[in-house]
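S.K.: With chain A held as given, fit chains B and C onto it using these hints.
Chains as they are written, first to last, in my numbering: chain A, -11 to 266; chain B, 7 to 224; chain C, 4 to 304.
Don't read these hints as lab results, they were simulated from the structure.
Beta carbons are placed, not taken as given, at the ideal position from N, Cα and C, and that holds for glycine.
Hints should not be assumed to be uniformly reliable.
What the hints assert, rightly or not - So the derived label-pair ranges between C-beta atoms look like this:
| id | chain 1 | residue 1 | chain 2 | residue 2 | range |
| --- | --- | --- | --- | --- | --- |
| 1 | C | Q188 | B | G122 | 37 to 47 angstroms |
| 2 | C | M184 | B | W192 | 41 to 51 angstroms |
| 3 | B | G87 | A | T148 | 27 to 37 angstroms |
Said to hold, decoys possible - Partner residues are not named here, just some residues of chain B that face chain C (Cβ under 7 angstroms, in silico):
| id | residue |
| --- | --- |
| 4 | L56 |
| 5 | Y107 |
| 6 | Q181 |
| 7 | S199 |
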Amino acid sequence: MKRMIRIPLLLLAFAMFVAACGDDDDTSSDDGTGGETPSGETLKVGTKYDQPLFGVNTPDGVVGFDAEIARFIADELGMEVAFQEAVSANRETFLENGTVDMVVATYTINDERKEQVDFAGPYYIAGQDIMVEAGNPKGITGIDDLDSADIKTCTVEGSTSLANLNSMAPDAAVTTFDTYSKCADAMGQGRVDAVTTDNVILLGLADESDGAYELVENPFTDEPYGIGVAKGSELRCQINEILQAAYDDGTWAQIYEDTVGAVASVTPDPPAIDNEGC
Amino acid sequence: MSWSEFFDEYQDPLREATWVTVKLAFSSFGLALLVGVIVVSFRVSPIPPLVRVAGWFVAAFRNTPLLVVLFVALFGLGDLGLVFDFYPTAVVALGLYTGAYMAEVLRSGINAVPRGQAEAGRSIGLGFAQLMRFVVIPQAVRTVIGPIGNLFVANFKNTAVASTISVFELTAQSQRMFNDASAGVWRVLAVISALYLLFLLPAGAVFRRLEARFAIKR
Amino acid sequence: MTGNVLIEELGPRGRRRVRVGTGLATVAAVLVLFWMYGRLDGNGQLEAVRWTDLFDSATLRFLGEGLIATIRAAVTAGVVATVVGFAFALMRLSKSRPVRTLAVGWVELFRALPLLLMIFGVFFIDTSIARGRGGDALLGTFWSVVVALVLYNSAVLSEIFRAGVRSLDSGQSEAAKAVGMTYWQMMFVVVLPQAVRRMVPAIVAQMATLTKDVSLGFVIGYEEFVRRGAGTANFGDTEVTNFQAYVSIGIVYFILVWAMAGLAKRLEQRQSRALKVAAADRDPDQDLDLGAGDTLGAGPA
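Extracted from the complex, chain A is given alone in its bound form (with noise of 0.2 angstroms):
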């Protein structure tokens, strides 16, 4: 009678132990110092290691237009810049507890985040663009020709993108997978005519594609990305000042047409930077 017992009561903790294993997922390594100022000649900066032309991890080292950014803003500063992925769940911690000293990482600016963090910047605006086939067959121009029965168009279920479409092109035809690049699959079979997103996931879609797929560069959102520092941070007013240095002397556009322009045929202005507190 015992025995019959015992024997879920193991199965179960055998259960646990199987789940236990391998449960580190998105643990990066905490080296903990703690200061809030860059200590010493490393600035560690705290990155995407999977976000194509913005930071991808590759043999050479991280690259893309957020890593060049940081590159440059370590350089200003004299310090040898140390990247740390971070990804969107964590990025609030890592500055919090001295992870890392700065966060550039397709990070939009919002006022649930002031409350954490400050942000310099913003650096760049993105927003919620449309893809479509190479050469534009159907003419596609911007969100109003999406508003139409005879264009398909293709974004993820329960994403703000999708939130988007319906409330500024109700009419649209609208086919939802749950992944990007299913939308950009469907397309290149010919299922959609459309897919619509922000412009930072497109193009990091068109820049896989090979020249398959193209963006119509005329977002319908704006999404300003900031570069996330501690809070009272004197890094910030900083980093504005750098930053300003580089819209204004054309590095900011230099960097950009060599990481983004790869796929983007249009440099945007840079954006006004908020030096509010400096």
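M.R.: Chains B and C alone, transformed into the frame defined by chain A:
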């Protein structure tokens, strides 16, 4: 959002999504019956290549997740230049998938007829067709009603997986509503579940009654 | 086919017909294969690099992690569902009416809902609770998948356990009562050990179905095998397209589930041999044997 606001907003989409689910469930199940009959007739035929092909077909669909079947049918065939719309792709993929199970159910129905009966039939001079018609099939049909009912329910539930290839049925509708925070996750789950149960509980009951009525008492 | 009692021993004409049928079927099969080859070749799907890129070490690692994630979810959910299903089977056999009703309600409800809906339900409820508290999600994708799989499979497994108890000869429980055992002594000492052993093949078969169903974790972003497979076409610098990616994950899944179903089948055969020895004098009717044995495979959902 109150219940009346909830229904004002979602009544029409829910009705449409339910209709898509029901349409998909019945058309794919009809196809599955057809596929099952064809495959099982291959399997009991005396022609070796047909037996083998039918065996492969059943094994392939039984051991692969439906999700993979749907993706191969949509994106895989698409890469071969065979591009079909989402809904017909879902009907055919579901029909083939459930059809493989149907073939097994029908075959086990034939298998359940005692060997002695076939021998008795043959000994009074019945040919293959007569034997099937008068002895095997009438008994086999009775034993497969229950399992076919289970397959109907399973197939109906499996229509949910079609939401992954952009067929906007009930589960896709649930996903959209889950993403609307004001709709309330518990309410959405309750409403969508109730809509599924509305069809599946009676279907289960009907098949159980049919089974009881035609059961062979031994 | 030999051994098919539905068909009389074939005469010369019958044998000729079978030969003609075999020839026609073979020709048809060759034509279909040829057409498929043309389709594949014409779309460049047979270029070696499209397939060899799958065996690139980074790609294999990427896919391997997905396969491990699938197995981890399957083992965890399988074990927990077995324990929970066992508990519900006991509740259903209980003498207390409310307990029985609760168990029946649970089983009937969770067997009747699409697993995909349950995965969404668990995941979104988890997310909304986290949003309400302002913290991290309690379950996350892994446990959302596991919880949904447990809800569904515990219902199915409890029915399997119950069927096992009911399949026992009533003489067993009568004998237990005759020697003065209480109800629970009878269940745990006499009935359940036999019933559970008898149901082991059915449980293994259900585990094969469960393993197939882990793929549905895909929809909430659990990085299991199919999700990783779907990502392969877009992973790194690879020539792999959707066709190679999905066909390959289908083949791996096939081998995995087929092996599990094969294990269930072997266990069942061993058991039926053991049981048949005991039942031989009671059931002289053998079933029709159509030559080809059962096709190995898991359940539909």
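S.K.: For each hint, tell me whether it holds in the structure or not.
M.R.: Right, here's what the structure says about each hint:
As the Cβ distance of Q188(C) to G122(B) is approximately 43 angstroms, the hint placing it in 37 to 47 angstroms holds. Against the hinted window of 41 to 51 angstroms, the Cβ-Cβ separation of M184(C) and W192(B) comes to about 45 angstroms, which satisfies the hint. The hint said 27 to 37 angstroms for the Cβ distance between G87(B) and T148(A), and at roughly 35 angstroms that hint holds. For the restraint placing L56(B) at the interface with chain C, the shortest Cβ-Cβ distance is roughly 5 angstroms, inside the 7 angstroms limit, so the hint holds.
With 7 angstroms as the threshold, the beta carbon of Y107(B) comes within range of chain C, its nearest partner Cβ sitting at about 5 angstroms, so the hint holds. Among the interface hints, the one on Q181(B) holds; its C-beta lies about 6 angstroms from the nearest C-beta in chain C, closer than the 7 angstroms criterion. Hint on S199(B) holds. Least Cβ distance to chain C is approximately 6 angstroms, under the 7 angstroms limit.
Of the numbered hints given earlier, the model fails none.
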